[in-house]
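Participant: So you can see what is in the structure, the chains are spelled out below.
4 protein chains.
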Amino acid sequence: MTTVSIVYHSGYGHTEKVAEAVGAGVKDAGATLHMIKVGADGKIADAEWELLNASDAIIFGAPTYMGSVSGPFKMFMDSTSRVWMSREWKDKLAGGFSNSLSMSGDKLTTLFQMAILASQQGMIWVSQAELNTSTSEPGKSGDAASINRIGSYLGLMTQADNVAPQDSPNSGDLKTAEMFGKRMVTAAKRWAA
Amino acid sequence: MTTVSIVYHSGYGHTEKVAEAVGAGVKDAGATLHMIKVGADGKIADAEWELLNASDAIIFGAPTYMGSVSGPFKMFMDSTSRVWMSREWKDKLAGGFSNSLSMSGDKLTTLFQMAILASQQGMIWVSQAELNTSTSEPGKSGDAASINRIGSYLGLMTQADNVAPQDSPNSGDLKTAEMFGKRMVTAAKRWAA
Amino acid sequence: MTTVSIVYHSGYGHTEKVAEAVGAGVKDAGATLHMIKVGADGKIADAEWELLNASDAIIFGAPTYMGSVSGPFKMFMDSTSRVWMSREWKDKLAGGFSNSLSMSGDKLTTLFQMAILASQQGMIWVSQAELNTSTSEPGKSGDAASINRIGSYLGLMTQADNVAPQDSPNSGDLKTAEMFGKRMVTAAKRWAA
Amino acid sequence: MTTVSIVYHSGYGHTEKVAEAVGAGVKDAGATLHMIKVGADGKIADAEWELLNASDAIIFGAPTYMGSVSGPFKMFMDSTSRVWMSREWKDKLAGGFSNSLSMSGDKLTTLFQMAILASQQGMIWVSQAELNTSTSEPGKSGDAASINRIGSYLGLMTQADNVAPQDSPNSGDLKTAEMFGKRMVTAAKRWAA
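So the sequences go chain by chain: C, P, S and V.
Just so you know, we're using this note's numbering here: the first sequence kicks off at 1337 and counts up by one.
Just so you know, we're using this note's numbering here: the second sequence kicks off at 1337 and counts up by one.
Just so you know, we're using this note's numbering here: the third sequence kicks off at 1337 and counts up by one.
Just so you know, we're using this note's numbering here: the fourth sequence kicks off at 1337 and counts up by one.
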């Protein structure tokens, strides 16, 4: 059985909503899913470390704050030094996503940090492979139903307005998140074969 | 007299339109402006090298192709090694902008490359300081009249649809470009004082 | 009087030693220096926020952990959102440095994060402008007395072995740090004129 | 039969020497190897495009010039837009390496650009997973026989002195390159299974 873990931090609920959409894609593709939420102190439970160590793929998720990965998630990233020397995550698959208030909001810095972390752990990085489906009519770029409307490939980027998570990110972003979860499972199954 | 040069590459005219808007801001702020267009072979004329060497500030501009600075502009960047050893650009001001078809389109990689080039040349990097003025109503993020609608700070990001340059990028992006040109002049005057 | 603050995190003392060398350069160049150490919880005192707000230039310093800025320093970076809306740091000068165990150790990610933070705050980024003075004899690259032996320009990079801070980083790295501190003062005086 | 292509640019022969070491690892691990050299104009032959399209894994290699990927290699990267729409490289494995004169020399920017390109093409990125084997005695970091002496993980970094390619990069860097080639084959075999 393919096992995928999503380890994420969410400050106001928007990143959690994206994490849930990625998770829905993971389950829909027939994998076992572990949702692991990083606390405001950057910590996860010992049992959750075991779940990560036993996963075929780990998806990292965090909001972008002040232009890079949120502080609590960085505290978590630092704590993965416990598996660095043991190389326990070596050759696992990895992927990442980030949400912020604006379109770019420098989310690429966050994805870059996640890819670097994965590389330091010896992991294999799975890109976001869906093309942007926005029409090219003026003013239509980034419309609500677009897949990959922001145009991100190293990982998944979503954008949330300053409203409650039930209203944002939009349906296209959440659909892209779901497709990203499925892609990770497809890759994990192929990698495990 | 404060002198600002904009050295840019443009494949289809959209980046040139942005360069012209930045240039309008530069002139409006009372500086001498040099517009220097990099050819498809990455070259500029000898006289243009002299203009760059005599400038108080240099603004780099290029489209983002396949996730980083366009090839012709990178050829130009490499050719600045001629001023690297002489340190002729040391302590000049620098800034950068990039345009692409999608919102992110990994334009941050391009700005990052430009900031790294400027740093290797010992230059001082001027950020894009305007906040995003999009409303936070759902679906309004990134509307056409927004200043800094993409949410970029290391430099200026604009987005152009796949239509003729007269129709895209939109008015908000061009206004942001103009403000960026003015900011560069304000900084150059203060730096020269 | 020109005022420069160094706000830094140090886990084992090596980054603190670099911060002190940068600080020595700042004082030697005739500026008022504030050394502000970020706690393991990412916090600084209220009075220290006032010192930062009153500085002409702010130098960010942190170790690179797992390929990007240390968690505690990222917690501090997030907390600068309190000055983001007020734009209190707009047009101040900024610079950065990072230390880690290996030569690259992905320290460029950390400097990149710092430059992005500075840009979001509307600051002006001062590069590390000293060229690498290593000889080009085989095996001599990165020898102990070299200035900028690692070859870093966006900011200052130093490397510390896994020994006590009194023995590492080496003299060349510390000398480079001192020169970086002086450069920041020279820039701040010119900017304030 | 597993097929791996190394597509690279080399200005003075040092990057080519690294490419050959990576290639030796690829062959030693039992894969078919294609060495494809990008010209100064950024071009490769039509038959070479076919070889790339038929490969299980593609390794990108280039020197770092002025802080990011060499101009000719960027011209090549831009020309991969011909396979972007067709998604011919989607789900292939990718990896990258860069060489420069100094230890960092901002080579991480080059690796980052390569990982972004691979992601835009929908590829899966294979990290450099060997830990740095330098001793932690003061002054021994980065000694000539070290594996991964520079401490790079997103891809392979090597450093060459300003001497003929037969004398530099050193044996440790070339050994690391060979191990990187082997790792790519191991991953490609597993991925193809």
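A few of these clues could be false.
Remember, identical chains collapse to one label, so a pair may be satisfied in a single copy or spanning two.
Said to hold, decoys possible - 16 Å max Cα-Cα, derived EDC-like pairs, lysine to aspartate or glutamate:
{"#": "1", "residue 1": "1426", "residue 2": "1466"}
{"#": "2", "residue 1": "1518", "residue 2": "1384"}
{"#": "3", "residue 1": "1525", "residue 2": "1427"}
{"#": "4", "residue 1": "1379", "residue 2": "1364"}
{"#": "5", "residue 1": "1379", "residue 2": "1497"}
{"#": "6", "residue 1": "1518", "residue 2": "1427"}
{"#": "7", "residue 1": "1525", "residue 2": "1352"}
{"#": "8", "residue 1": "1511", "residue 2": "1364"}
{"#": "9", "residue 1": "1426", "residue 2": "1392"}
{"#": "10", "residue 1": "1428", "residue 2": "1392"}
{"#": "11", "residue 1": "1511", "residue 2": "1466"}
{"#": "12", "residue 1": "1428", "residue 2": "1466"}
By construction, these hints were calculated from the structure, which means they are not laboratory data.
For clarity, every value in this text was computed on a predicted model and none was experimentally measured.
Participant: All hints, please: hold or fail.
Facilitator: Here is how each hint holds up against the structure:
1. 1426 / 1466: For residue 1426 and residue 1466, the Cα distance is within 16 Å only across copies (10 Å; inside one copy 26 Å).
2. 1518 / 1384: neither (22 Å within a copy, 33 Å between copies)
3. 1525 / 1427: both (14 Å within a copy, 13 Å between copies)
4. 1379 / 1364: neither (28 Å within a copy, 42 Å between copies)
5. 1379 / 1497: Neither way: residue 1379 and residue 1497 sit 27 Å apart in one copy and 28 Å across, limit 16 Å.
6. 1518 / 1427: Classified as between; 14 Å across copies, 19 Å inside a copy.
7. 1525 / 1352: So residue 1525 and residue 1352 fail the 16 Å test inside a copy (25 Å) and across (36 Å) alike.
8. 1511 / 1364: Intra 13 Å, inter 44 Å, cutoff 16 Å: intra-copy only.
9. 1426 / 1392: within (11 Å within a copy, 21 Å between copies)
10. 1428 / 1392: within (6 Å within a copy, 19 Å between copies)
11. 1511 / 1466: within (11 Å within a copy, 31 Å between copies)
12. 1428 / 1466: Classified as between: cross-chain Cα gap 15 Å, same-chain 22 Å, threshold 16 Å.
Of the numbered hints given earlier, the model fails hints 2, 4, 5 and 7; all others are met.
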